[in-house]
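Please model the entire structure based on the sequences and the hints provided.
Spelled out, the chains give:
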Amino acid sequence: MTSVLLQNAVFGLLLGGLYGLGAVGLSLVFGVLAVLNVAHGELIMLGGYVSVWLFTLWRVDPFVSALVAGPVLFLVGAVLFRLFFRRLVSFAEDDRIKTSILIGFGLALVVQTLAILAWGADERAVTPPYAGTVMTMGTVVVPLSRLGALGLAFLVLGGVHLFLTRTRVGTALRATADDEQGAVLVGIPIGTAYLRAFALGSALAGVAGALVSVSDAVSPAIGLHWTLKALIVIVLGGMGNIFGTFMAGLFLGLAESTSGFLLGNAYREVVGLMLFLLVLSIRPRGLLTRS
Amino acid sequence: MLLEVEGLTKTFGGLLAVSRVSFRVASEEVVGLLGPNGSGKTTLLNLIAGALHPDAGQVRLDNRDITALPANARARLGIARTFQLVRTLPKLSVLDNVLVGRLYGRDGSGLEAARTESLSLIASVGLRDKAQSPASQLTLTDQKRVELARALATRPKVLLLDEPLGGLNLTEVRAAVAMLRQVRTSGVTVVVVEHNVQAVRALCDRLIVFNYGQTVVEGGPDEVLAHPAVIEAYLGKSSGSNLAAFS
Amino acid sequence: MTGRRAWLLIALGLGVLAALPLLSTGSVLTWGFQVLLYVALAQSWNVLGGFGGQVSLGHAAFFGLGAVVTRMMWLSGHPLGVALSAGMVAATVAGVLIGAPTLRLRGPYFAIGTLAVAEILRITVSNVFPEVSTLSAPALASYALAPRYLLALMAAALSTLVAWMLTQTRFGYGLAVVRDDEAVAEAVGVNAFRHKLAVFVLSSALAGLTGGVFGYYHVSFYPQFAFSPLWTFDALLITFFGGTGTVWGPPLAAAVYLLFREVLALRLVELHVLVFGILFVLVVLAFPGGLLAAWRALSAGRVRQTHRS
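Protein chains in written order, with the working numbering: chain A, 1 to 291; chain B, 1001 to 1247; chain C, 2001 to 2309.
Keep in mind that the hints are not guaranteed to be accurate.
Said to hold, decoys possible - Below, a sample of chain B positions facing chain C; criterion: calculated Cβ distance under 10 Å:
1. P1090
2. N1097
3. E1147
4. A1153
5. K1157
6. N1169
7. L1170
8. E1172
No lab work stands behind these hints: they were computed from the structure.
This one's a predicted model, so the numbers in the text were calculated from it and none came from an experiment.
Here a beta-carbon is modelled for each residue, glycine too, at the ideal position from N, C-alpha and C.
Shown next as structure tokens:
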């Protein structure tokens, strides 16, 4: 009993790391731009396909692909921002959020359909030679590839944290998130800050997507699933707080796996959504929010 | 007493905006609230209108405690307001902007009657020809007229005006003051926040001066405006525009 | 157009639509059914999102409830009218239970919250009713399209009537003010929350009825399919394309949408989603008034030009 519970907890934490990484990009974009890109899950899906492609063509290791998916999605994000989201900058915050949800929702449909047209609706998987290799600790089994994914997720987040706190560009992004008008007043080029934040958020989605491909199947339809996870994590962990978001991801993974064990696997998804609604009903603006 | 405010206190995250303010307004009286920016006047109007709820204190209308009532219920009991930054509904026509006040306000009318009554109110503020235009096409002074007509359409007992002359030029101020005089003679009780001292002197029966969320002086216009504490309140904290008003 | 002529035209249009089953069968009638189903679906969202300004992403929940409850009641032998009413009641009750908490959410959280609720329902339904629901052999043998079509016409007409009422009634005026500025609404005596809840419940009831028509129409479907977010997406797509908060925009857009779908599906099934997804984004960005406003602007431009020449 305890060993099964422990095993579930380990799987939950391994998955939760990906939830956290998947949510950080969305949180960054919302924090800086006040734009809620509900097509974020589709960007994660694209990151997954980068990995699938590189593996199918040249047997590239998914961990290497993750480092390719980041820059690729950075560019995709920059293009999406230029084409669609840049226009929202002049909107008042409430309108901007509402309109961004609608645009993201349209984009999600478009990206998903393009993915179906390009790669078909089937599930694809990446199977590196070490897939299935496990590390045994007492009674608990830890798949190495998932552990690696968690490790890389943690490293990437550490890097983002350093970027935001230790560099000029990162500081400018944080200032914009904190106080948009203030940032304008001190001479931060706000359009550039927006572009960078959106592209960086998309890049993080790309890395997350490639890491998803390590342990899960990739298909055009997975986007909404990941968007919902990211939204739940953000509400639990607070906007714009990187490590808070990561911890909330781990917590959600843990909560899902534990409840899956206790209530049956069919209801593990429902638990996260219930948590989300519970937090919202207590704090209608989320646990920790933009002031 | 028509409107009574007793011991009203409101803080925003530790900042004391209104502190134990009490005053009374008799029926058909016109009371002006004065004070430098940030002295708590708009907060006070919001507390009376029900847009904000106080941390302590009471608001009474016709001897009835309305402190717990939401804004919409207070509007139906007869408290109407205009906003400091004008808030017409740009997508709706002038008529529809005013109509909603007549439909939902104190003893609201049916659609047809409300339409007729709204049109005559719109005419009375001088916008007869613009009744069907979208509010977004109006100038600031016309938008303020729409707001006034909308507030009057609720048939208020008490009308709260938040800087009705703010942003208007000299000619517009004169026209607006004339219009407010008319409102006054129609028997509506008015509480007005306004920086234009000449206008305040011309319109109000009584003035209450605030600073740092508290009442400083209260009395007739001439008496209050000559009071040293009032001059100091303005001289001490506020900008030149208010100084000019005193000269 | 004078009032009487407009009514005459509408009555004539309804008459023609009601007579369609007499004139044609098969593919045209099926297409007609789908247009009407989507008119009802989009209009039921338009009532809440367009007229009420509350952008819900959980509309599928009420469509699904209507579909599943109606289907189950009907298949277990209850008269169709009872089954449809039960589906509508279920959606209405769910509207109260879901609307009351989610409408208190601020900013983006109302949209996300409703999406979350709909997903919870979808997953739960797929767990509780994993089996596909298929009509029995006798039911299939006596299956007729005409009554389904007429029911869809009724749902479409009813939801459009509700939308029209919102342009004519005190409640509709109050709602417009709540949509545009809640603080102003409260200041003139409109109870903003009550208006939002009322329109949420109204929208849910109409979505439940539309779902019920779908549940009665479809030969075989997985219960969870009726809860798919695609229903919400289609409703939004059509409403924005036609013009949010307009009475005739969504019906017009639904016809165009299904025409596109029919024509494009001959080439590629997914193509219409792509085309409409792009159109949707463009409309949201560039033409917030939708098809109707665009057409009015264009025709007004033409009138001005002819005057000038």
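Exercise for the section: Grab the minimum C-beta distance from N1169(B) to chain C and call the hint holds if it beats 10 Å, violated otherwise. Expected result: At 25 Å from the nearest chain C Cβ, N1169(B) fails the 10 Å test, so the hint is violated.
Handout entry: chain C contact restraint on A1153(B) - CB to CB distance below 10 Å
Key = With Cβ-Cβ at 8 Å, under 10 Å, it holds.
Handout entry: Supplied contact hint for E1147(B), tested at 10 Å Cβ to chain C
Key = 9 Å, holds
Practice task
Have a go at the E1172(B) hint: is there a Cβ in chain C nearer than 10 Å to its own Cβ?
Solution key: The hint is violated - E1172(B) has no Cβ within 10 Å of chain C, the shortest such distance being about 22 Å.
Practice task
Against chain C, run the beta carbon of N1097(B) and see if the smallest gap drops under 10 Å.
Solution key: Since chain C brings a Cβ to about 8 Å from N1097(B), closer than 10 Å, the hint holds.
Problem - Restraint check, 10 Å cut-off on beta carbons, for K1157(B) near chain C - result: 13 Å, violated
Practice task
May I ask you to test the interface hint for L1170(B) with respect to chain C, counting a Cβ-Cβ separation under 10 Å as satisfied?
Solution key: 29 Å, violated
Handout entry: When the least beta-carbon distance from P1090(B) to chain C is tested against 10 Å, hint result
Key = 8 Å, holds
Going down the numbered hints, you'll see the structure goes against 5, 6, 7 and 8, while the others check out.
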